[in-house]
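A.B. asks: With the hints as extra help, turn the sequences into a complete structure.
Below are the chains, spelled out letter by letter.
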Amino acid sequence: MTVSVVLIEAGLVLAGALVAMALDAFASRRAAAVAALGGFVMAATAGAVSAISPEIVAGGVTFAGSSLASTGAAIALLAGLALMGGWRRFTAGVRGGEASALIALSAAGAIGTLWARDLVTLLVLLEVVGLAGYALVALAGSSASRESAMKYFVQGAVATGLAVFGVGILYAASGGVVTYAGILEAVRQPATAALSRPLLAGSALVLVALGFKVGAFPMHSWVPDAYETADAVDAAFLASVPKLAAMVALAVVVLTALGRDASTGPRILIALLATGSIVVGNLGALRQTSLRRMLAYSGIAQAGYALVSLTGLDRGQSILVFAPLYGLAALGAFLAASAVREMDSAWDGSIAGLSGLASKRPGLAASLAVCLLSLLGLPLTAGFFAKFLVFGTAIGAGYTWLAIVGVLGSVVSFGYYGRVIRVMYLEDGDGDTRAARRSAGPASRTVVTIACAVVVLGVVPTFEGIAWLMTALGLR
Amino acid sequence: MLTSLILLPMVGGVAAWLTGRSAPRMARVVALAVAVAQAGLTALALVVASRSVSGGLTSGLTGGGWPLRLDGLAGPLVALTALLGVVAVLASWRVRKSPGAHFAMLLALQGALTAVFVAADLVVFYVAWEAVLVPMFFLIGVWGHEKRRHAAMKFFIYTFAGSALMLVGLIIVIATTGTTSIAQAVKTGLDAQTGTLVFWLLAVGFAVKIPVWPLHTWLPDAHVEAPTAGSIMLAGVLLKMGGYGFIRLALPLAPAAARAAAPLLATLGIIAIVYGALMALAQSDLKRLVAYSSVAHMGFVVLAISIGSKLALTAAMLVMVAHGLTSALLFLLVGLLQDRAHTRDISRLGGLLRVVPGWGTALTFGLLASLGLPGLAGFPGELVSTLEGFRAYGWWMAVVAIGVVLAGAYNLRALRRVAHGPLVEEWREMRDLDVREVFAIAPLAVGILLLGVWPALVSSAVAPVAEVVAKMLGGG
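Here the protein sequences come in this chain order: A and B.
Quick note on our numbering: the first sequence kicks off at 179 and runs consecutively.
Quick note on our numbering: the second sequence kicks off at -18 and runs consecutively.
Think of the hints as simulated: they come from the structure by calculation, not from any bench.
Cβ coordinates follow ideal geometry from the N, Cα and C atoms, glycine included.
Distance condition first, Cα-Cα at most 30 Å in a straight line; then the derived DSSO-like pairs of lysine-lysine:
1) B:78 x B:135
2) A:538 x B:78
3) B:128 x A:538
4) B:128 x B:78
5) B:135 x A:538
6) B:168 x B:452
Partner residues aside, some chain B positions facing chain A, computed with beta carbon under 7 Å:
7) 108
8) 111
9) 112
10) 122
11) 130
12) 134
13) 138
14) 141
15) 142
16) 145
17) 152
18) 153
19) 156
C.D. replies: Given below as structure tokens:
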């Protein structure tokens, strides 16, 4: 018997979620958070073990690791970091226990999507991730957050409807299969020419619906509201883990079912969705004054970069590098928002309100700057290699124009990432906030940890070769 | 050895920063020690490289393990970087705002610049290229003058836009040739169509840096707003990255496209020569005048590169080194003037030669070098560029002659207004150069004189490499 390590990871995280739920009801919020964290740690450990020895045979059962198992471990790791960054919120805040259980549930679903090998399973698991997400946004309790949770939910329902419709078409057109392999077979050799058009339509519907989960154009409008109104820590989680998982799930679907060796139809559609996301995300982010809203728009652009890599046929290596590294930097940037609030509860969430942060809290400011530069894709941060591989994939596939759109988008993105750095470093803040200075909380410490990881993952491959990064992410 | 050339300033920068935290006044001593040590190490590396058994500087000294190479093309620029590094530390000796961080940025910049010139690998080259941006951004933005924030953002966005397109070009090279080694990629070569695309993508990146008219608009702002040390490194070394990039990468990788682009490049170069001189003539701010003169001088580099013969490429390097020394000297002198008079307005100055004879003499020397007086550094390179231009483009060089006349006009006008003429009472008490300032000026002056009477110092090292590149271009 062979068991996929991805499934074990998902199971461990799910167990953590269930125990957390029970403990939240019968014990304390702290116990719930510890249980959820335990699930993440175990799943990450399982992933790390399988990355070191891909096949372990124990008691007649073969535990089969894969590059996706490493992605699963990355998801568990990021979820764990989010939990640690929001430790105060989860252990002492209102409905903290529910939040940690929801995060674990969402992460379990996210890892599960990597294991799915047919579209129906995938949709069900994505719905688990989505439902936990709607609830997390609503959990913040403000009327704004309830409104954006509703908006998120309604759009999610529409997307799910489209996806179900698309899967239905594919099911009918491919002669009754929904497994990736079966669909690939059907897409490659449609029984009759008349069938190829429904296959294309079904693929397009599924792609757009998955694009919603990634937060890509044209179903992106829920992103800024949800990420801005949710609790800062929950937003940090939502912006990194479910998004990362959706990027990878989308890649798996495209590369193993819809697009592989197939007509260029789905690929052109992906290129268009990518262009739309890059344009809308970058231009939208330029106008924002709120840090989290700006980061949310930048996340739309980042979803576009993830789509860029899907134009290639490299078996998804570039997205398996891009997605976790994006998740890491986004988590750091969003958690920094929470860390600033930790320090100064009067902060209004605006970028202008960060002025002089570099002199007040040099460690936090430097870490936020590192995360932003990584999102920008500057060398010596992890984001550089992520973007390098993504654009390399597109160019290798003949989509040079898309790579040029992408790099120009990156240039525009310095307009808003750079503005934060400018406000923090080049402008002197008002002196009196110095009095409100408090000791660094868990969010600050987590952000600094993340920034260190971003630098190490960016510096070492420069000198050790990119193979090192691939090994570090379990791709070799 | 080459590794330590990069690491020494980086590690030294960290040391200066750490020193600066506890003893701000000691940071500059540490920085000076590191910069002097770097200069010594550079000299040693150049001697070792030129004496190495396998063809001396032509084949170059390679770095142990890392893809680095110090050859005749990189050598003069590495030496220039090391020399200006010392000058920049001396020039910013009295910096008050967090000196530790200032010197750390300055040394990090030096390390990154050295890495650009010795990189033998496309990825390392790009990483180093972008690594230059961050310290320069902070040098301008934190320690600059009134409009520093705007200038820093503009500098970053312009050069980042150029280098982002350059990245696409480099990725195409890597994808087509299947190697990241510069030498291997050049050997493999590109087909005509890819070559043209790559050439233009790279050319945009290099042209922004040089800067080629009309992509130069970031330069006056950045130069004027940067602190003295920043201006010295910016004009002295950063602009050279563009010219170096052309000769190192763009011409050898895509010789056919380079030949096709020659008329356009030559036109842009000639426009820059005249336009820069005209703009310099119109300035009332002495620092802006020097900044625009850079546009004009770098125009000669572009012109020489477009010709592409062995002599012309050697001349391009000569102009670059000469301009590096001359502009550094002039920016240094303007900075010293600003420290004393708190103005750079030419109309408010006058007769300074009588009050501060040391400073006045140095200014006379610098402006004469800038106008291309025979016997000083500027002369040989610009003369050979023009002569080679005459061979290649005929009477179009008459336009360049206008530029040369204008160069005489703006330099002499500045000299007459500032150093001669009636003494302005306000400045009667101005103090002359102290020992530190003389030590900062002396190496530049010696270099200018040495290069003027003995250009073979640079040209003998460059010529073999220039010959190889010229042969690829089909010339002699």
